[in-house]
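Those protein sequences? They're chains W and D, same order as listed. Going by the numbering used here, the first residue of the first sequence is number 1, and it counts up by one from there. Going by the numbering used here, the first residue of the second sequence is number 1, and it counts up by one from there.
Treat the hints as calculated values from the structure; they're not laboratory data. Heads up, a few of these hints could be off.
[As the list claims (entries may be wrong)] Facing chain D, from chain W, some residues (calculated, C-beta under 8 Å):
#: 1; residue: Met1
#: 2; residue: Lys44
#: 3; residue: Thr51
[As the list claims (entries may be wrong)] Derived DSSO-like pairs (lysine-lysine); straight-line CA-CA distance at most 27 Å:
#: 4; chain 1: D; residue 1: Lys4; chain 2: W; residue 2: Lys128
#: 5; chain 1: W; residue 1: Lys9; chain 2: D; residue 2: Lys20
#: 6; chain 1: D; residue 1: Lys59; chain 2: W; residue 2: Lys9
#: 7; chain 1: D; residue 1: Lys59; chain 2: W; residue 2: Lys32
#: 8; chain 1: D; residue 1: Lys87; chain 2: W; residue 2: Lys72
#: 9; chain 1: D; residue 1: Lys81; chain 2: W; residue 2: Lys118
#: 10; chain 1: D; residue 1: Lys43; chain 2: W; residue 2: Lys44
#: 11; chain 1: W; residue 1: Lys72; chain 2: D; residue 2: Lys4
#: 12; chain 1: W; residue 1: Lys118; chain 2: D; residue 2: Lys43
#: 13; chain 1: D; residue 1: Lys43; chain 2: D; residue 2: Lys20
#: 14; chain 1: D; residue 1: Lys43; chain 2: W; residue 2: Lys3
#: 15; chain 1: D; residue 1: Lys81; chain 2: W; residue 2: Lys72
#: 16; chain 1: W; residue 1: Lys156; chain 2: D; residue 2: Lys43
#: 17; chain 1: D; residue 1: Lys87; chain 2: W; residue 2: Lys128
Owing to the predicted nature of the structure, the values given are computational and were not obtained by experimental measurement. By construction, the Cβ of each residue, glycine as well, lies at the ideal position given by its N, Cα and C atoms.
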Amino acid sequence: MEKNILKFKLNGEDMELLVTPDETLLDVLRDKLNLTGTKKGCGKGECGACTVIINGNAMNSCIIPAMKAMNKEVQTIEGIGTAGKLHPIQETFIEEGAIQCGFCTPGMIMSSKALLDKNLSPTREEVKEAISGNICRCTGYVKIEQAVLSAANRMKGKNQVGEGE
Amino acid sequence: MVLKQYVLAKSMDDVFECFKKYSGEARIVAGGTDLVLDLESGKVECNCLIDITEIDELKKIELIDENVIIGAAVTHNEVNKSDLVKKIAPVLSQACGTVGSLQIRNVATVVGNVVNGQPAADAAVALMALGAQAEVRGLNCTKIIPLEDMYAGVGKTNIDCVNEIVTSVKFPALKDNHGSSFERFAQREALALPMLNIAVVLSLKEDRTVEWARIVMAPVGPRPIRAKNAEKILTGNVISSELIEMAAEEAVKDANPRDSALRGTAEYRKEVLQVLVRRALEGAVASIS
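Using the sequences and the hints, build the whole thing.
Laid out in structure tokens, this is it:
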């Protein structure tokens with residue numbers, strides 16, 4: 001099997017590595033780059049646990065051939081906050097109790113971020129659409145929706161006083 | 001056969017070069033949301049994947065001579081959110097918004113939805129109601145095939161997938177006296193296969209008689225099914241709730257759903273189908289202002 005050089009931007013950093021044609025982006029993130037924040041749930045694009053942001057859009061990394069990331073910008077959960085400085089969506093997920101087992105959380109947060117990066121005043125319906133591809137089997141969706149709405153408010157507040165990212 | 005190469009094509013020339021080089025063992029991949037899974041399970045085998053999503057000429061949604069043209073690299077979400085499509089083919093915008101999840105719609109292409117040949121593909125059902133045609137390019141020829149003539153069985157089309165590529169689908173833009181509507185019935189509102197989906201496009205004359213109508217129903221056969229007798233009942237008559245009810249009743253006779261653990265029993269779905277066809281017809285009429 002031939003290997004191809006894959007060049008892309010991952011969480012703001014230029015990456016260059018060898019991938020095989022049958023590898024998915026999720027395989028590369030988890031197994032080659034040890035970024036295990038992105039979860040493998042169903043492996044079929046049905047649960048959303050593997051959601052990453054590619055060029056601004058939420059996508060299921062488990063069914064995306066790694067080569068599709070060529071020259072693109074990929075964001076994973078590792079790239080949006082640190083333990084010391086959480087992203088506002090991470091903060092509000094904790095505050096609102098929007099996490100139980102946590103397995104769906106990285107995907108939920110990436111789907112939410114893809115929405116809020118484009119729209120800081122979403123309606124509850126828009127939030128529901130944004131996370132409709134992310135399945136949570138513990139806590140239900142009400143608190144998650146609330147967390148995304150609070151994060152939107154928090155991010156909007158920051159933008160208004162000029163403290164945006 | 002092991003997948004040996006992944007080619008990011010930059011032009012149509014790249015595509016045909018690859019077809020030639022791998023003679024019969026290279027396949028097109030666009031969004032890949034179905035193909036990647038089929039490759040993984042061994043249902044599909046090939047030597048080389050030709051990724052067409054970076055070819056600029058395939059990325060467009062255009063209105064040319066009152067025809068809407070959707071390129072093979074255009075995703076469901078792009079069609080769903082397109083102001084042009086919302087305005088001149090709302091039924092397609094609506095259908096594209098129901099497929100899978102947002103993550104899937106951000107990747108999966110509308111042309112892929114058609115080429116895959118699945119009987120319940122939402123975008124394909126809407127496109128068939130719009131009278132869409134596919135442009136199929138081979139190395140030395142270009143064919144225009146009506147979607148209705150493309151199906152060759154469940155999950156199969158007449159496209160020679162190792163020598164040809166569907167570059168776009170096109171359909172006439174709807175006019176002011178045309179109405180359209182899409183109805184979908186599924187177990188949940190996201191990430192669920194349709195138990196039934198219906199697309200209707202019809203044209204009303206000034207005196208409210210139906211000039212023509214296309215009713216497409218799925219999955220009630222090996223491919224999306226036209227309710228041709230119901231269309232005949234409508235054509236030439238003044239639209240009324242009685243006429244719509246008669247057509248809906250007739251439409252069910254053209255449907256042949258199977259019992260399915262996932263989609264419900266045939267008996268149940270036939271009952272629901274009549275209601276959905278009625279709603280779709282009412283919706284299409286109501287959409288004409």
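Against the structure shown, which of the earlier numbered hints fail to hold, in ascending order? 4, 5, 7, 8, 12, 16
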